[in-house]
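Peer 1: Work out the full structure, taking the sequences as your base and the hints as a guide.
2 protein chains.
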Amino acid sequence: MPRKSRTPYAILGALSHGPKSGYDISCYFEKDHMFFWNESYGQIYPTLKKLLKEGLVEVEVDTRTQGPERKVYTLTPEGQEVLQSWLTETDCKSSFRDELMLKLHFGMPEVQKNLLDRLQNMEKELSDGLDALLVESEQMEELDLSKEELAYRKMTMNWSKMFYEAKLRWCQESLKDFGIKKSSKKKKKKKKKNKS
Amino acid sequence: MPRKSRTPYAILGALSHGPKSGYDISCYFEKDHMFFWNESYGQIYPTLKKLLKEGLVEVEVDTRTQGPERKVYTLTPEGQEVLQSWLTETDCKSSFRDELMLKLHFGMPEVQKNLLDRLQNMEKELSDGLDALLVESEQMEELDLSKEELAYRKMTMNWSKMFYEAKLRWCQESLKDFGIKKSSKKKKKKKKKNKS
DNA sequence: TGACGCATGTAACCTGTTACATGATTTA
DNA sequence: TAAATCATGTAACAGGTTACATGCGTCA
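Residue numbers (numbering that gives the first Met the number 0), protein chains in the order written: chain L, 0 to 195; chain A, 0 to 195.
Accuracy of the hints is not assured; some may be wrong.
Identical chains blur together in the list; that is why a pair holds if it fits in one copy or across any two.
Claimed, not checked - The calculated lysine-lysine pairs, modelled on PhoX-like cross-linking and capped at a C-alpha distance of 20 Å, are:
#: 1; residue 1: 48; residue 2: 70
#: 2; residue 1: 30; residue 2: 153
#: 3; residue 1: 160; residue 2: 30
#: 4; residue 1: 146; residue 2: 175
#: 5; residue 1: 153; residue 2: 112
#: 6; residue 1: 153; residue 2: 52
#: 7; residue 1: 30; residue 2: 52
#: 8; residue 1: 48; residue 2: 30
#: 9; residue 1: 48; residue 2: 146
Note that these hints are calculated values from the structure, not bench results.
Peer 2: Rendered as structure tokens:
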């Protein structure tokens, strides 16, 4: 038997935090504090269609005066139920694949040639990510959530922060160990995620 | 165009750290310090076959007096070359999926019922993982590697340690935040990976 | 006018998991 | 003697990525 997709649950969960379009859902999982999950368009749109057919979500076309068409999806009571039964299941699986780290692990002269750049890019991304995280954290506080909801979100938000901080620290230590000065190159501002 | 598999490179890389059987390779990626990568049997064996056909690895049947049959694979010069060209490519992709963290993020009463257990199990796994990491770290020192090789492996080993420590800290803080006493339950010794 | 962000979607196609099948050896 | 570990492998099947296609609105 092949594996069971978690994508429908992830989408249901995202919708439990408010109605969203496919695009919104994609953005939701792109946020820095969601580094522990990813979804791609190719999964989101077909899954949304499937969930609609199963009656777990409802759709409404946003007829705003401006901007392109938006199909906004909402969780139905049935969807809520399915989400809850998934949340209750205790067996969880996880998978991690960090190609850059793998290459570093196999470190050979080929890697060293670009080590400086790789680590510096990573450092930049991480520190940008931390900045974004602070913004996301503040936005969350303004969301008018119940005490309990806020506690859960703060818990995972906190994990994201600790992860970014730890990786940034590791990055800086590694740069130091390889005798590389941080200030040796001009840094260009470029927003690019290491995700996907 | 579909994505390109990293599995052949991961296997080539593993073999660059010494000859291995399919089983050995599986164990290699199960190690705690390799938390940032995973491979399953269903990929390893067929890929090994493919690499053999392409001449990137060689096989030799281990005719030991005891134990089941072992097919030990070795990297060929061609395999080494392919590995190196992959290491040189600078664009790396990564994906993370941590189902438990996702559930926690969507935190609802359903999650809270098991929150104590989930966090305590996680804490146990992480602290076991840290212990294993120390052992793996010592084993590495005894491996008689060149200065350079050692530096790379220490670098990623260090990341694994920092990751485990950060997650453990997060786990303990979360337990505290939810007003849960660590000593409230007997802990059973049970080695089970959260991977895969 | 061109780039960029918003927005929806599909097709192709490989990737990767999981369950199954099998058996030897060691350890309690 | 039963369970755990070592060991190799395959089949089935869904899962998931990426490139492609398309178009509006805004801002420089």
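Peer 1: Take the hints in turn and mark each one as holding or not.
Peer 2: How the hints compare with the structure:
In the homo-oligomer, the alpha carbons of residue 48 and residue 70 lie at most 20 Å apart inside one protomer (11 Å), although the nearest pairing across protomers, at 47 Å, exceeds that limit. When the C-alpha separation of residue 30 and residue 153 is checked against a cutoff of 20 Å, the pair qualifies only within one copy, where the shortest distance is 15 Å, while the shortest distance between copies is 31 Å. In this assembly of identical chains, residue 160 and residue 30 lie within 20 Å of each other by CA distance solely inside one copy; the values are 12 Å within and 26 Å between copies. In this assembly of identical chains, the alpha carbons of residue 146 and residue 175 lie at most 20 Å apart only when taken from different copies (17 Å versus 43 Å within one copy).
Taking CA atoms no more than 20 Å apart as the test, residue 153 paired with residue 112 passes between copies only; the shortest distance there is 18 Å, against 40 Å inside one copy. In this homomeric assembly, residue 153 and residue 52 never come within 20 Å of each other (Cα to Cα): the closest approach is 34 Å inside a single copy and 51 Å across copies. In this assembly of identical chains, the alpha carbons of residue 30 and residue 52 never lie at most 20 Å apart, being 28 Å within a copy and 43 Å across copies at closest. Taking the shortest alpha-carbon separations for residue 48 and residue 30, neither the intra-copy value of 23 Å nor the inter-copy value of 40 Å comes in at or below 20 Å.
Taking the closest pair of Cα atoms, residue 48 and residue 146 never come within 20 Å of each other, the shortest separation being 33 Å inside a single copy and 55 Å across copies.
In summary, the numbered hints that this structure violates are 6, 7, 8 and 9.
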